[in-house]
Structure formats: structure tokens, C-alpha cells
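Colleague: What follows is each chain in one-letter form.
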Amino acid sequence: MALLSIRGLRVEYRTSRGTVAAIPEFSLEIGAGESFGLVGESGCGKSTLIMAIMGYMGRNGSVPRGQIIFEGQDLVTASPEALRKLRGGRIAIVYQEPATALNPSMTIGAQLMEVPIAHTGASRAEARARTAQVLLDVHLPDPDSVMRRYPHQLSGGQKQRVVIAMALLANPALLLLDEPTTGLDVTVEATVLDLLNELRQKYGTALFYISHNLGVIAQVCDRIGVMYAGKLVEDAPAADLFANPCHPYTRGLLASLPRPGADKRSHPLVAISGVVPSAGRAPESCGFLTRCPYAQPGLCDKAVVPLRDTGGAHLVRCARWQDLPAEQVAAAPGPQAAVAGRTDIVMDAHDVSRVFPVGRRKLLANDRLNMAAQRGHVLAVVGESGSGKSTFAKVLAGLDSATGGSLRIMGDDVAKIPVRRRTAKQVAAVQMVFQNPDGTLNPSHPVGWPLARSLRKFGIATSKADIEARVTALLDMVRLPSSLRHALPRQLSGGQKQRIAIARAFAGNPELLVADEPVSALDVSVQAAVINLLLRIQAEQGTTLVFISHDLGLVRYLADEVVVMYLGQVMEAGPVAAIFEPPYHPYTEALLSAVPVPDPSIKTKRIRLQGEIPSPLNVPAGCRFATRCPRKLGAVCDTTPPPKRDNRDGHIIHCHIPLEQLAQTEPVFRHV
Amino acid sequence: MSASTSAETAGRPTPSLLRRLPTSRVAMVGLTIVLIWVLLAILAPFLPLPDPNKSDYAAMAKPFSSAKHWLGVDPLGRDLLARIIWGGRTVLEVAPLAVLAAYTVGCIMGLLAGYYRGWVDIALSRFSDVILSFPVVVLYVILIANIGPSALNIVVAVVLASAPGISRIVRGLVLSLMHQEFVAAAYLRRETDIFVMIVELLPNCRGPLITDFCLRLGYTTITIGTLGFLGLGLPPPNPDWGGMVKQATSMITVFPHMSLYPTVALVSLILGFNLLADGLTELSQAD
Amino acid sequence: MIRYTLRRVAEMLITLLVASFLVFLVTEFSPGNVARKTLGAFALQEQVDLLYEKLHLNDPLMVRYVRWAGVLTGLQADPLQDPALKLDFKDPRGDRYFGNFGYSALFKAPVNDVLWDRLGNTALLAGIAFAVIVPLSLLLGVLAGMRVGSTLDRVVSTISIVMTSVPEFALGVILVAIFVVWLKLLPGTSPLKTNSGWPIWTQLLLPVSVLALYDAGYVARIVRASMAEVMAKPYVRTAVLKGLPWRQVILRHALRNAMIAPFTVILLQINWLIGGVVVTELVFAYPGFGRMLLDASLFGDVSLIEAATLIALFVATATQLISDIGYRLLDPQARR
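Protein chains in written order, with the numbering used here: chain A, 1 to 672; chain B, 1 to 287; chain C, 1 to 336.
Just chain A, same shape as in the assembly (with noise of 0.2 Å):
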């Protein structure tokens, strides 16, 4: 008998608008031990799900009809006692944002103690003790000390180490787990996946993980389901949903993921088209139906489709899926190569810096860096956070000041002259993409506003009928209506917010574009929409793109050139395929290793990072990577600032170990 079983589920919402069905009908089995992933884009349902099965759905929720059955017990109509018992005890939870989830005003081991004393009746001592191991057990170093301390006190991934220290001190037999790696950098996520596989052998718990990320899932699960507007749409055993994907959705999901090894030339990638329909707004009979490439009239919007099984426990809920073409649409061509012959500087920054003055001391966010960037070609900036690489971009476009170095962008050196001194000239060659496209908008102006002001201060164009012409010709390159000008940024969603800073960067024909994450808040298949037209602008008007991104198969995907940052200094930079390839820097080689690759067919070498990110208030003498390093050789790279060593092609890696050695290493993905 499965553990978990959820039969013809059906979740409601009151809303000021009326009764609203966040999940109309859903059914899923999971195994004792079993491990399952369930992915989807948000809005699609998968929260509401978890809470469900929790019974927290906060009093305008409600469950009509369907069963939870845990262990024989069905949760929909368990008693509140009845299901105090199985909350923390039998079914525990880790939740996506640990900082939120654990109380501030109580010590962690006050917060993890009450588990055990709540539901195996054990005396303090005895919960002290079970906490400390499990402590330990997550690989939290001296748990006396971390027991003692507040929430803040912890970083982002000892916090989530705890939170998931406090789903395990009751021994649950389900662990449901919520994006619980969403919002961390890339290697803690890795060590924080590495330690849930770990943990899953050793107490034999099922996990039910939900999460927008496919790589994600794909480290953790054996079984995957596919879930769309509150509907399970493909479940399959992992390594057949990736080889052999059925829905349309799942296919547009991995068509929209740069796969390793692709870049925009060879593979560009395919967005799905529109966004997810929020909650009771998809069609009856398939959820998908408006958004699929596929669909057929008669067939797909007629009845409710059902989940139908393709033989090796292979489900997909789709009318047309033995239709189906075995290769994907045709893609558009990718964008055209950069200009080539021209070695025509735009960006060169020379021993920039940018310290601020904490009290006495000095925060190094920015030291030293060198990097240029040619004329129409893309230039990309990674590290985690804390690698200064955000600081940069605010230095390039003047809204921030180097405290030391040379910058110069077309000729002039602006390292030193913020944005308010920049010429008019020199402030329309610099322009810039935000991150959030929640901040990006003025909220009380309607989206055509900032366009139509940026022709005007950059006197592109004078008169109303032209500014009105422009607009929406920057509307129309941006793949958007131009009704949609007198709109306020409230009414569009994030992806169509990203596109009209997008037309507001390009409005003022900028000769260098800078890119700070544009794509992370984005949604998977919207990223590949907005990356797209991002790449075709700057092509075809020959702009330079400095893209600054945490996400290195992104970067794999669209950059020409790359520099990997770790705490304030360049630690690699060269050609993207040279910087994917042996040699590697130390740093390169572990991040490569934590991308979590949506792709079971490749194996990926196992390096993790020990320890914290140093302060930069307090930063190692020598290497700065020195602390953390797996191939560090020794005293040498504490004491002494690692020599710069060049590989070809404009290939350098700063490090003590040489070069011929690096050579050597193995490469970190390997296809099986």
C-alpha cells in the first residue's frame, strides 16, 4: 500500500471574486522510501498542494471533495488533534525561504527541541541530546554553539541545515519539501542536495519535493511528476521523463533549460509561449490548451483529457501524445555571431576597485579587476553572492564609483564620475537591465512613460508625433503591443515588465548594455523568451552586453567571453568555451560541479565547497579562495597573491598551481 495517497483532490479558494479552484481534481501515489519531485512553474498549484496535505490552508481555503490517505488515515477528514500528531511527527516539511520560516526571538535549540518533546513525549535532557545528533547529522559543526544562537546568526544555508535538522527529529516517514534550495547560492544548494540524498538513505524517509528547477529534481529524484494548473500532466521514472518527454508542457519546460555543452548558435533556446493562467482561469479540458504549440481544435478543448498510461509506468495526460513529433517545432535561427575581424575595445577596466569604509575598516567589494569587452559581443560576469560582481555593474554604469583603477568606455575614463557628472554623451553609452522587475517600473506611471522620457532626455526625438512613433516602435521590437504603453506596470506580468526595460535600456542607443540577472526572478519558460529577444537586440544593433548571472549554464548558453568573480577578484577569465574546459580554476571546476544539470544522461564530478564565503571585511591574505579551496597547495596560497597564469586565446587563471597541472584535471561533465 502507498504511503501517501491522494485521490480526486480538489482545493478551493474563497477570493473577493468568488470561489476559485487553485488545484480542480488531483490523484498521486507515493511509495514508502520512494522519492518523488514534482515540477511546475509557480502558479501552478504546487504549494497549495503541500498545505493541503499539511490541512493548513488558512480559513478561506477549503478541500469539496477527495481524500488524503496517509498510512491508512485520510487527512481531509482527520480529527485537529489527529492531525497535530502527524504534523512534525509523521509528515514533516521544509519550507523554501528558511529565514522566514524559524522564529527570530528564539534560539534554534529552543525552536528544534519542542519536536521531540511534542510528539515522543521525551524530557528535555533527551531532546537536547536528539537535537545535538541530528545536528550533527546535517552537518552542523558544534551543535552546543549553534544551539545557543538566534536565527540571524546563521547564514542562509546553516539556516535550512536547521530547518531541515527540525523536519528530521521526529524521524518523519514523509518529508515534503517546498523549493527548499531556491534563493541559495549554487554550491551551498549542491552541499544541501548532497545532504538530503544522504539523509534519505540513512532514515529511509519518502520525500515529496516540489520545485520549479528540473536540474533540482533531477539530483534528487527517482519518480517526476509534471504539474499545470493544478493538474498532474506527465509522471514518469526520472530518467525516462528526460529522455522521453510526452507532454508538451515538459517538452517546452526542457526546451526553454540551455542544456550543457549548447550555446546560442547551435541550440538556441525555445520559449513557451504565453504565461501560466492564474488559479481557476485555465480551460476545462486541458490547462495547456492556449499555450500549446500542438493543440487541435475538436480534439484538445472537447472533453476533459485523462491521464492516460504510455506502458512503463509512464503517464501523460495529453489527447495528442502519441501525435506528437518526435523532434521539436523548428527553432528560430539563433542570433548571427558577433561582428567578427573587429578588435574594437568598448569596455576596459583597469585595476578597478571599490572599497567602502566600514568604521575603521575596509569592505573590499570590488579589487583590482581587469576585464575588457569588445564591440557587439557579450561579456559575462559570475560568481555567487558576495562576489562583487553587482558592484561592478553599478560602477560601469556611474551608479557607483570606483575608489581606485581606470575604467574607460569609449575612450573616456569614467571610473571615478558617477552618473549625475557624466556627460550626456557618456550617460547614453552606458544602459542598464535590472534584476527585479518588480523595482524596474515606477509603479504610478504607465509603462510608455519611461520610454517616451528617455527619447526626450536623450534627444532622440522632439516633437509628440515622433516620440509616439518611437515608442511604440521600441514597443513593437520588444515583441509588445502598443496598447499595452498606457498600461500600469501592475498590469503586466514579470517577464512583459522585463521587456520594457529592455526597450528603455535600447532607447537611448547605448553602446554598451549592462545586465544585472535580468532573467533570475523570471519564470523557466518566460527566461527563454526574454534571453532571446535580449540576444537578437543586441545583435542586431551591434551592442556590447555586459551580463552579469549566477546561472552558469546560462552563461555557457550566451556569453563570448567570461570572468569568474569570487570575493571582490577575478579568479578566471577568457573565451566561454575555454573557461568550460580544462584547465580550470580551482573555483570554476567546484561551481561547474554544483550546477545542478536538468539531464541524468550526464554525470557530473563531485566537488563541493567546505566552509563559509569569508567576510570582505576580512579577506584571506593570499588567495582569496585560499579558505575553501579543495586543490589548495598550502602555506603558499595563504600567504602569497596567486601569479596570473595564461593559457591562450586571452585564457588567464589566477593561481598558484601551474597551468600544465590544471591541464590535467578531468572535465567536470561526462556524458554516460
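Hints listed in this document are in silico derivations from the structure and should not be mistaken for laboratory results. Predicted model, so just to flag it, every value in this text is computed and none were measured. Heads up, the beta-carbon is just placed ideally off N, CA and C, and yes, glycines get one too. The reader is advised that the hints may include incorrect statements.
[What the hints assert, rightly or not] Output of the computed footprint for chain C on chain A, the stretches with three or more beta carbons under 8 Å from beta carbons of chain C:
#1 579 to 591
#2 631 to 641
[Claimed, not checked] DSSO-like, lysine-lysine: derived pairs with alpha carbons at most 27 Å apart:
#3 A:K464 / A:K425
#4 C:K90 / C:K37
#5 C:K193 / C:K86
#6 C:K184 / A:K85
#7 A:K362 / A:K416
#8 B:K62 / C:K184
Dock chains B and C against chain A, hints included.
Modeller: Leaving out everything else, chains B and C in the frame of chain A:
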């Protein structure tokens, strides 16, 4: 892909706070009470009311409600209903004017402090701290007692007492808005400081300020009433609710209606403003 | 923490200094002059002019302020006590001591003789009111905020919004109308004298109710809002989904966090109470500090106004200091 992206359906928009007002019952009750008073105040000169400042000596012997004086007369024989309606007119002229003036000063202070930070912020914040340390009534009493009771001086006092509080709210909002990328985007097209403050920042402070505005209207109504009661209100013979209560308290054991009716009038108007503010807060939290 | 406290104390002293100067500045607007007020309405103009001269009242504002501050700190003798003026003003404490607030022109006595008894009466009134406000508003606010939208929540919210809409004097009038005029249960005035026929506690009942009801409504609303906000926090969900009993979720997880914000507000109520007593004391003819301040302001008694303001401000800023320090102790994140 891209041809169909224009078909991205826009998310359902949330209508602005004021347009959603009718969905809040609390806010509508408040608005109705306020509108009744506003209507009475506007219509006061046209209503068939006795002169509010004229004494009816005949009615003084039996000051209770009668066919001639619906709510009776005050200790000086003046018609209570007329004085209450005309008194409402005074409050509804002075309170919004005072709050608006306070808002002008407070917004400017808050914008400057939040935008420029540094010494501008320190100077303005320290000044605000000093004013805000005064118990409010004490501040009003000392001020009005020294500069004299008049409508203008009440406005001046309200500005001095309320602007620091408004400034604090605006400053806080500006500080958080300054982190938003649209401000950086404005710099990247060379907008001036004044433009950023007035056009980019101020309109986004609207939401919290609308609620606060209603609360302050209620509070200023309390202040005007209290000052009247303390004998620091509008100079006689102008009808002033607080002053009317004060005049009649000595006779409360004999003629309680003389102080109770203006009290009820005052309380109902304040309640109206407070309910409106409460409804607005609830609506803004429902987002 | 110690450095923070010292910094705050310094800031508090600066606030008092600036505020006392502002009060000095404002009294400049009032018609009439200190000399005339000191001598009374029946003094000859020549006498007034002479005193004016001797007290150097035509000196610039700043000079007079420094002189006043000098008298207050005991660095300078009170010029009014100079026997040469033949004013016959005598302070038993001498003419030069720390805390010399000078002479009250209104009461014709040293400010220190006038001030402290009245302050004691007011402290009694405000203290009882505060002792009623805190438990009442906490209880109601927590119960209402615990289950937003419940019947209890709606009842508490409605009562508290009505209470905050009734200013002290209006509440006074209404309560007097009910309990004094109609039911004849309580006295209408509270002179705190036993010979009035009413025991002292009955005289305190109405003034305390006026102060407490108005403020309790306000504080209960703040507590409710804070509790409601905390109840919606993810960590409360964590506590529920850990399988803790509801009692523990509320007592261990919600309450402490919900008290952080209202803590400051509750202490700031002391500031409000000082304002409230001015009105309440007038309604009930209560012999307290608030009515004295009102009388002093109407008369233009600068020494008394300055003294009363400084004390009111001292109480206000001191509670603010305590609330800020307490806040840091309550909230581990602010403790660093």
C-alpha cells in the same frame, strides 16, 4: 516563439485603493458619516435655521427642545441645532486646511531628509524628534496660549505638531523607494533631483499617506474640539463644538443636553474619519 | 549596549535643551511682559519699567535664555530674589541651588513650592490609568489578533475604534452625564478632598476611566494589528506544522514577537497620558499638574511653563529611552 509572446495575457490588475473603497463596509459607513457632515456644512447658509449667534431670550427659560428650537438652546439662548451645523462648517474648513498645510510641510521635509540623507536628514530628524517629544496637548496649549487663539493660529499649530510625524512617514517610504531600480533608471536618463523627488518618489507614497491623512483629519478634529474645550479655540461668538461643550459643562447637572449634543456631533465626525481610515488600511493590507 | 545608552542619554539632554529654548522662544509672542505679570495688574507703570530694567528684560533672547539656564543649574542667583528689588520674594531653599525653576508669577510663590504636590496628584491619576490600560489592551488586542475575522475580533475592533473616536473631554461629559447627572453614583468633581462628602477613590474613578478608555482603545488596536501580523508569519506556520498544541504556538511563538512593536507604543502612552491629564483635570477640577500647566499658559507664567514643560519632556524622553533599550532587549536582531 516571439510572434506569440505579444499574446501574453496581462495579469489581472488590482484597481487602485480609492476605486476599491466601495468593497469595504467599514470605509463606506465612515464615508457616509463624513459626507453627511460635509453636506450639512455646505448647505448651512441655505437651510431654514435660526441665526446661530442670535439669542432667543424667551427660550432661555425653557431651553429644551421645542418646535422652534429642535435641539433646544444653549446657555445664551442661541439655537443649538444651528450652532452645531455651523460649528461643523468651521471644523470642516479648518481641519482639512490644517492637515493639508501640515502635509505640504511634512512631505517636503520627508522628501529632503530621505533623499539627501547626511546632514540634511540629521538636522530635520533631530528637529522632528524634539517636537515629537512634547506631549501633543502640552505643545498645543503652550503654542496657542502664546500666539493667541484664531483659525490661522490653529492651522500653524497643527502644522508644527503634525509635520514632523508626516515627515517621518515620508522619509521612511523614500528611503525604501530609493533602493528600487526605477530610481536608478531615472538617473540613467539624467533626471534632476527635484524631478526624481516629485515625479518618481512622491506619487508612490500615496497609499500609506491616504490612510494617514484620514487618521489625521480625525485627530485634528479632536484637537480643534479639545482646544475649544480648553478655552483656546476660535474666539466667540463663532460656533465651535469644543467651546460649546465648555460653555455648557457648568450647567450639565441641569441642562445636560447643552453639552451632550455638540459632544455627539463631534464624536460622530471623528468616528467617520476613523472608520474611513480603518477601512482603507484593511483594503491596502488585502493586496 | 552601554555606549548606546550613553549616546541616547546625551541625545535626550540635547532634546531637553532645545525644547526649553523653543518654549522660551514661543513665549516671546505673548503680549505683556514678565515684569508686569510679576508685579500684578495694579502696579504703577514706573515700577514695572524699573523692574524691567533691573531684570535686563530687554537683553537679547539668547542672553536671557542663558541666564535662565544659569539659575536652573544653580550657577547663578535668581535675580528676582535680590532684596534690592523689594519684591519680598523668598525661596526657603535659597537663591542659588540646582533645580531652581524661579518664581511663579501666577501663584506668587517659588515654582518648586507649586509644582511637586500637583505632580504627585497627577502621577497618581496617570499611574492608575496606566495600570488599567496595559493589561486591558494587551488582553483584548491579543485575543482579537489571534483569530482575525472572528466574532471576538470584530467586537474588540469595533469597541476600540469607537473609543479612539471619543476625545477625553467628550468622554468626560458623557460619563458625567451618565454617572453623575443620571445615576447620581459618583461625584462630578475630584478636588481630592475628603470633606466633599465623597471618598477619594470615588473621586478618582471617573478621571481614571476617561484616561484609560481612550488610550486602551488605541493600544488594543496596535496590539491587535501586531498580533495579526505575527500570526500570518511563516514561523507561526512552522510552529503549527511542527505539531505544537495551539496554546504553545500562541504563548511561545506568537506572543513574544507580537509584543515587540506594541512595547514601544505602550511606553509612549505615558507621553499621551501627560497630554490627556490636561483635559481630564480640567473636566473634573482635579488639582494636578495638567491644569496648572494650562493656567500657567493662559496667564503667561514663563517660569512655571518652562518648569512644567521640562518635567513633561523629561518624562516623555525618559520613557522613550527606556522603550528603545527595552526594544533592543526584546528583539535579538536589534541587540548587536
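Colleague: Please go over all the hints and tell whether each is borne out by the structure.
Modeller: So, going through the hints one by one against the coordinates:
{"no.": "1", "hint": "579 to 591", "result": "violated (count 0)"}
{"no.": "2", "hint": "631 to 641", "result": "violated (count 0)"}
{"no.": "3", "hint": "A:K464 / A:K425", "result": "23 Å, holds"}
{"no.": "4", "hint": "C:K90 / C:K37", "result": "17 Å, holds"}
{"no.": "5", "hint": "C:K193 / C:K86", "result": "36 Å, violated"}
{"no.": "6", "hint": "C:K184 / A:K85", "result": "58 Å, violated"}
{"no.": "7", "hint": "A:K362 / A:K416", "result": "18 Å, holds"}
{"no.": "8", "hint": "B:K62 / C:K184", "result": "23 Å, holds"}
Hints 1, 2, 5, 6 from the list above are not met by this structure, while the remaining hints are.
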